[in-house]
Each structure stands twice: as C-alpha cells, then as structure tokens.
Amino acid sequence: MSKEKFDYFIKGEKGKYEVVIGLEVHAQVLSKSKLFSGSSTKFGADPNNQVSLIDSAFPGMLPVINEECVKQAVRTGLGLNAKINNYSVFDRKNYFYADLPQGYQISQYKNPIVGEGKVLLDMPYGSKEIGIERLHLEQDAGKSIHDMDPSNTYVDLNRSGIALMEIVSKPDLRSPDEVNAYIKKLRSIMRYLGTCDGNMQEGSLRADVNVSVRKEGDKNFGTRCEIKNVNSIKFMQMAIEYEAARQVELIENGKEIDQETRLFDTKKNETRSMRSKEDAHDYRYFPDPDLLPLKLEQKLIDELKKSLPELPDKKKERFIKEYELNAYEANVLVSEKEISDYYEEVAKFSDKKLAATWMMGDLFAMLNDKGLDISKSPISAKHFAELIQSIKSGEISGRIAKEVFEIMVESGDNPKKIIESKGMKQQSDPKELEKMINEILSKNKDKVDQYKAGKEKLFGFFVGQVMKLSGGKANPQLTNEILKKLLKG
Amino acid sequence: MADITNQSLNEIIENVKTKKVSSTDLTKAYIKNIESAKKLNAFVTTTFDQALDKAKQFDNKPNFDQLLPGIPLAVKDLFCTENTKTTAGSNILNNFIPSYESTVTKNLWNDGSFLLGKLNCDEFAMGSSNETSHYGNVINPVGDQLVPGGSSGGSSSALAADLTPATIGTDTGGSIRQPASFTGTVGLKPTYGLCSRWGIVAFASSLDQAGPMTKTIKDCAIMLESMSGFDEKDSTSINKKKEQYSKNLKDNIKGLKIGIPKEYRVDNMPKEVDELWEKGKKILKDLGAQLIDISLPHTKYALPTYYIVAPAEASSNLARYDGVRYGYRSKQGKDLIEMYEKTRSEGFGDEVKRRILIGTYVLSSGYYDAYYLKAQKVRQLIKKDFDDSFTKIDAILTPSTPSSAFKIGEKTNDPVSMYLNDIFTVPVNLAGLPALSMPAGVDKKGYPLGLQLIGKALDEQKILNIGYAFEKNCDFKNEIKKWWS
Chain A
17 MSKEKFDYFI KGEKGKYEVV IGLEVHAQVL SKSKLFSGSS TKFGADPNNQ VSLIDSAFPG
77 MLPVINEECV KQAVRTGLGL NAKINNYSVF DRKNYFYADL PQGYQISQYK NPIVGEGKVL
137 LDMPYGSKEI GIERLHLEQD AGKSIHDMDP SNTYVDLNRS GIALMEIVSK PDLRSPDEVN
197 AYIKKLRSIM RYLGTCDGNM QEGSLRADVN VSVRKEGDKN FGTRCEIKNV NSIKFMQMAI
257 EYEAARQVEL IENGKEIDQE TRLFDTKKNE TRSMRSKEDA HDYRYFPDPD LLPLKLEQKL
317 IDELKKSLPE LPDKKKERFI KEYELNAYEA NVLVSEKEIS DYYEEVAKFS DKKLAATWMM
377 GDLFAMLNDK GLDISKSPIS AKHFAELIQS IKSGEISGRI AKEVFEIMVE SGDNPKKIIE
437 SKGMKQQSDP KELEKMINEI LSKNKDKVDQ YKAGKEKLFG FFVGQVMKLS GGKANPQLTN
497 EILKKLLKG
Chain B
189 MADITNQSLN EIIENVKTKK VSSTDLTKAY IKNIESAKKL NAFVTTTFDQ ALDKAKQFDN
249 KPNFDQLLPG IPLAVKDLFC TENTKTTAGS NILNNFIPSY ESTVTKNLWN DGSFLLGKLN
309 CDEFAMGSSN ETSHYGNVIN PVGDQLVPGG SSGGSSSALA ADLTPATIGT DTGGSIRQPA
369 SFTGTVGLKP TYGLCSRWGI VAFASSLDQA GPMTKTIKDC AIMLESMSGF DEKDSTSINK
429 KKEQYSKNLK DNIKGLKIGI PKEYRVDNMP KEVDELWEKG KKILKDLGAQ LIDISLPHTK
489 YALPTYYIVA PAEASSNLAR YDGVRYGYRS KQGKDLIEMY EKTRSEGFGD EVKRRILIGT
549 YVLSSGYYDA YYLKAQKVRQ LIKKDFDDSF TKIDAILTPS TPSSAFKIGE KTNDPVSMYL
609 NDIFTVPVNL AGLPALSMPA GVDKKGYPLG LQLIGKALDE QKILNIGYAF EKNCDFKNEI
669 KKWWS
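Chains A and B are the protein sequences, given in the same order.
Residue numbers for the first sequence follow my numbering, so the first one is 17 and each next one is one higher.
Residue numbers for the second sequence follow my numbering, so the first one is 189 and each next one is one higher.
Chain A extracted, bound-state conformation (with noise of 0.2 Å):
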C-alpha cells in the first residue's frame, strides 16, 4: 500500500503548529455489580432504582472492593500490554457535588493498578505506537438533571459507584485522525477481552481531552487545556480542532494560554473555560482509610494472562497469513471481535479472498446502511457464505448476485433457494449459449458485417443482445469467448 505522509498541521500566518492530543478516556467496566456495592449497573433502568445504601453514603456504609472488576481492570492493562502493579492504592478525591454522595470519589492516584502500556495504531503513513500512561479503578458520580424542573435540580445515583477504568495515554496523539484511531483502537480491544462494551451513547466510553500546540519542530510543549467529558469521537475530534485553532490565533496575537479546564459546546461547536487553573480544586487525596490497599498476586495475573482471548493486533497477523489478506483488508476485519467471528465463519465454507471483498463491500454498506451491527445482520455467516460460493463456482454472476443478496436482506432466505426458485442460475452451458448467439447473429448479419470490416465497438452490442434474450443469466465469461470465436468464422 502506498504510504501517504503525516499531514495535520494548523497554518498560522508566522508557521506551521503541530497539535498534541493525549486523552483520559472513562471506560465503564463490564461487571454485575458496582465496584463498591452489590448494586446492578445494568443501563437504563428507572432513576434512583440501582442504589445501596453504600452507593448514597448512609453513615456507617463502607466499601468492600468487588473482585471482578479488579480482574477487568488487570485484563484491560494486559491488552495494552501494560504492566500489572501488584501493589495498589484506592484514595479519596474529597470535592463536594449533589451527585457524589460521599462527598469524595474512591480513585487511585500515587499507586494506579496498571502503569504504562503501549498501543498500536494503523494510520495511512505507517503505524504509530502510542504510549499508555497508566490505568487505574475508580467510581463513577451520579447523573444531575437540571432541565426537568425550573427552580429544582434532580439527582440520580443508578450511575453512582458504578466502576470505571480511567485510561491516560501519553502526549502521543497528534491529530483528530489520530484520536479516531486511538479511541476505536482502545474500544476494540476491551471489546475483544470482553472488559468494556465501549457503548459511547449509554456513556460506557467518555474521555478529557488534553490539547496543546507548538510551532513544527519545537521539542518544548505548550500550554495544555483540558476539555472535559466529551462522549463521541465526533466531538473529540471538532473539540480538538476548535481549540488547536484557538490556541494557535492566541500565539499568533502575542497572548498567553490560560491552563485551565474548558467545557465543548457540542450545539455551538466552541469549547469555553469552565475553570482556570487557580480556581482548580483542591482534590485534598488521601489514601482511602475504609479500604486496604490491593495487593494482587502473580499468581492471579498469570492466570488471567492465560485466559486473555486472542487479541485485535495477533488476528490481524494471523488473517494476513491464514487468508492472504492484505493489512488494510485485515485491519477492517478484526476491527470488532464480531465482525473477524463472521468472517472467519464465512471464509470456512467459502472462498476467503472473495469473502473479503464481499463483506467490506455489499454486506458492510448494507449494516451501514440500516445501522445495524453485524451481531444484528439480517443474512447470516452460513448464507453469506453459501452466496460467496455461487459466485465462485460461477452459478450465478456478480450482478445477479447482487440482486440475490438484496432478496436475501429482505427474506432472510438462503440464497440456493432464491437462485432456484426465481431462476437466476447461471447460463454456462456452451451449447446452449452457441444456439443462443448465433441466432442473434443471424438476425444481425450487417453488423456482424460491419463488425468484420472493422467496426469492433459493436462487439458491446453483441454482448447486450445476449444478456437481453438470456434475461441476464448468461455467463459473461463464456459468451466473450463464444461471440469472439463465431464472430472470426
């Protein structure tokens, strides 16, 4: 694949800016229960109806630590191939809100439970590794809503306690193209470990996004804001761009940047300040004295090591190898643990390469299309695979295999019983095509006549005449080579 070069700069009247991006991404843990409490966490249930006694802080409640998230943060750190700490610290992030019940946050901050880690991007000029700064456990707050009453603000604490991975990445990022990359990355992997659904509508993945710029080449970075809680990769990215752009007319004019936390207006597409860096606030950390600190033994590790399924990086080397796929084809594929299932199902019964071309093509343009994942497609694998095979085996052409692939969507039938019953099959009986053609050239003998003083566009016509009276159905390989064939005699 040809490699384009790196282009994402902001173009100021003095130079070039190169944008750097690192990102808090707020990954809500896959588990039955919060990460303090027995409550559910399932999503969308009434407000106020997934709470303890624990999750709104009566006195005297206290957290016990729920195992399995644990196990879900240390699975996460592993696929990003990150070191596991054995030793780890939860603290209390003291600030006060309607929705944090305890008046602090359990979070991790000196001792986090993963530390640093890597993962790989595919961008068109190349791979890029971008680095993990650490992982760590903490609670989620619960939901204000300030629009349902005029003079009252109203709470939900279904979320509150709910556990989340908090991801920091390094300053490695340095474009909206990037972050789109990064995002889906980090989604697919907790996806494939099963770790997060990274559902970005129901707020399973939120991220803060760091953003600084500096004149191309600068080795010094520059003054960072951070935009907090953005949810789509949408907003990341015109989140981005608005404030890179910002930032670099603030040099441009001879002014400061402010480090200061800011707020993305998703309806005016502008991020404000929320707050400056002097009225940040005093988190006041202190390790949390109701918890002891989390010691993990390798043994756990080890154990959870070995059960990691195969990961979205390894498929891909293996689709290259095992299906001759090229990387920009794999890559699609092993995109999602869903998608490289059906296709690895496809490919069993079919031919791989022409799979591939399929399912990129008609099949995805068809979910896109309906928005619907591919766990949700109305053909499944065995059909699929089945119709890959008819074209194959050249039962049916390409074009009529799109039109069998369309009565699919619609009936859900396989595509054998459609090509039977509608009689789409092939003409590819070279007897049979000869009757067939040479009963059109009989009726056209003075453009076979023209055709043999030289006039060879008309061979299109002759090809047209063959569709037309097979309905479509004649093997457009095998008429070439007949028409050719008689049209010399």
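Every clue listed holds true.
Below, computed lysine-lysine pairings styled on DSS-like, alpha-carbon distance capped at 25 Å:
1. A:LYS109 <-> B:LYS541
2. A:LYS109 <-> B:LYS565
3. B:LYS562 <-> A:LYS126
4. B:LYS565 <-> A:LYS311
5. A:LYS311 <-> B:LYS429
6. B:LYS571 <-> A:LYS311
7. A:LYS48 <-> B:LYS421
8. A:LYS311 <-> B:LYS421
9. A:LYS186 <-> A:LYS87
10. A:LYS159 <-> B:LYS530
Calculated directly from the structure, the hints in this document are not laboratory data.
Everything numeric in this text was worked out from a predicted model, so none of it was measured.
Model the placement of chain B on the given structure of chain A, informed by the hints.
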C-alpha cells in the same frame, strides 16, 4: 430481691438463667431507673415499649443458652439502629432513622439482648467531656457538675448510674477508656479490626473501634465475646475465629512481664495519679508478675500526630452530611453551594467544625507532605515503639488519664487542654492495639481513677486476664450515691 440493677451483668445473667428475675422485670427496673435519672441526660432516645415487647417475647420463649439472655442494653448513639433514631450527638442527624442495624449491635441482639435506648455522646464522637453533644451535657453520677468523660459520656454515665447493665462505646483516641476512668467502670478498646465498623457513624476510620463498657472485667469479656467477630462488609475487619473470652478468663498472671513506660510520667500530673500507678504495679508484682522498665520514645508525638490523622479522616468522612439525601437541611440556601454552607453551618457544632477545618487544612495541597504524610510516618514509628517493646513483655501498665473527672465548662474554652486528656490513650489507637481501662482507686476528692493495660494486637484475652486478677486484688469499690433521683 435486692435492687438487681446494681449487680454486674454476669450476676444479672445468672439471675435470669435461674429464673430469679424475668427479662420483663429486669427491663422494668432499668426503665424505672432511667426515668428517675433524667438529670443525668444520658439518653438521647429511649425505646421502652420496644424493649418491653422484646422482654415479653423472651419470657414467653426463653433461650437460656444465649450469651446475653433477655438482657436490655442501652448503646452509644453512634451505632446505627434499625428504625430507631441515630443522631451521633449532632443536629445534622437529628431526624435520621436508619433502615439498617450496625453489625456490632446486631451481634448483641443475636445473643439475646435488646435495645433499651440510645446514649448521648460528643458530636460525632469528637470530645472528651460530652460537652460537644447537640443534646446537652451529660452529668457524671460521681458528682453533680462533673463531666462523665467523652466521647462515650452517655455510656459511662448510664453504666455507673445503673441505667443499663452494660453498654458499648466507640474509641477513636480514648473515647471508651477515658469515660470509664472518670466513672469508675471498665472500658476496653479492642484491636483495630476485631469489631466491625459497619453501621457505626464514622469519625476517623483508621482509628475508630467499638468496644464494651462494663462494671466488671468478667462483664467486659462477655460483651466483647458477643460484639466482636469478622464481618465481610468491613474491609478492615480481621478474619479470625470468634474467641470465648469469658469462658477462658483466668486470674493467674504469675510470670507475666509487665512493661512500665517511662514516657507516661507527664508534667503537672497529679500526685494521686502517680501513686495509683505505683499501687497498680505493686498489686501486679504481688500476683507474681514481673515489672520491666520500657521506653516508648515517640510517645510525645502521639497527640500531635493524632490531631492531624483524625481530623484529616473526619473532614472527609463528614463530607456526606450535606443535606441532600438525609438528615438536617437548611431551608435558607438559594443555590446548591449556599444550601451546603447553611446546612453544615447550622448542622455541625463548633468542635466538629474545628476538626473539619484542621483536617481540610492538613490535606490541602502544599501542606499535605508537611502534615498528613509526616503524621503517617510518625504513626509508624509509634507503632514500632510498641512492636519493639512487645518482643520482651506481655502487657503495658499506664494510668488511663492524667487526671480525674473535671467540672463542666472547666476546659470548654481551651481545646488543647481538653485534647491533653487523651495523652495516655491516643498512642494505642495510632498503633491499633487493644487496651483496657480498669478502675483502680480515687483521688483526694474521691473521684475514680483508672489504670490502663495495653496488649499486643489480638491479645485481648491476656489483658482481660491481668485485669481480672487485678480486680480481685484491688480494693476499689464504686460508691455512687444516687443523688439525682
């Protein structure tokens, strides 16, 4: 039968078991005492009807195999009790009725006892005289106008005045042992983690520990046996088998090595306290124990360390009282911040505010290392002092408090002199060790004084045994005239 309420818990249990007294009559006798002791202000809430129901239930279907058969008990108002108001001595919880029962009280009820009422205490257990309670001063039955100690002041007062056969308190820096000393009763702070903290209103989580307050050492063993035990709902609970402290109680202490720390002789300590300590040493020596001089060099840093660690944790633990979900909420606030400010200003008393401010300060960025982190390091050194000493000794004997009970109002305006009251008790909490305060004598005013026995972690049985032997050979008798009724 003579007044049953001035008997020990152990004697009362025997009388119930031998059917000399019914649970109902026992309960009625205490109710009568409580009603005539309103002057002492020991109770915040009484649960008489409920107690009489439970007594009746017991009498109808008695189970004499239980540890606390048909025994009514009043408990400190820091323990959450299901469907019974729990205030922690604070205005901010003046309307708080828990839907749950603390593990410790549940353990007591499971052994056959039931709730008689909730006892006054310093607000959020912050105080040494019970004067910080929103529900007023508690009077020490030893003498009118005397404080009962704190923070478990309602507990010590009620116990000494025969308003409950035994009780439980919590001890963060001396809140069980100092009031026990002031009222001539027995108080034990167990090893950190022996009794579950689940359902106890938190003051300073790494120091808080519930424990028994009783008239005798034997009673203390019975109560500890009932209330202690592993609880998976408390991550700091120690996972070990329940001990039978009362059954295993022995008075032979021959050959035990008792450490006498030189650092516990402080300036301006009344002569009587020193004399009492000498008396205690002599009794133990006469019983065959060996006295060994030891040094706990970091003792002098214990109080300042405590007054950093405890307020730091408290400032965070008390953040949940914000008026949003339960408890007091000011009607004044125009927005969220103002609602918080007014609620907490009106809901908390001065001492609690003082400690929240101190705690917030020592955790603030820029001060954390100099205060909180330093204090945590010193705490380790204090613990190490004890660990080193315990390689050569079995227990440590010290005075419980530097003085006897003082007058109400005497130290109110001088927080530091109030804090100094806990100088002998605080190091034990920082080290997480068990310690017992047992009555040993009186000062020249006739006010009780206690001695403290400190044990190794989980060595409750040993200090109870030493206390048991001491009690039998100490001529102390708590002579309290019922001047209030």
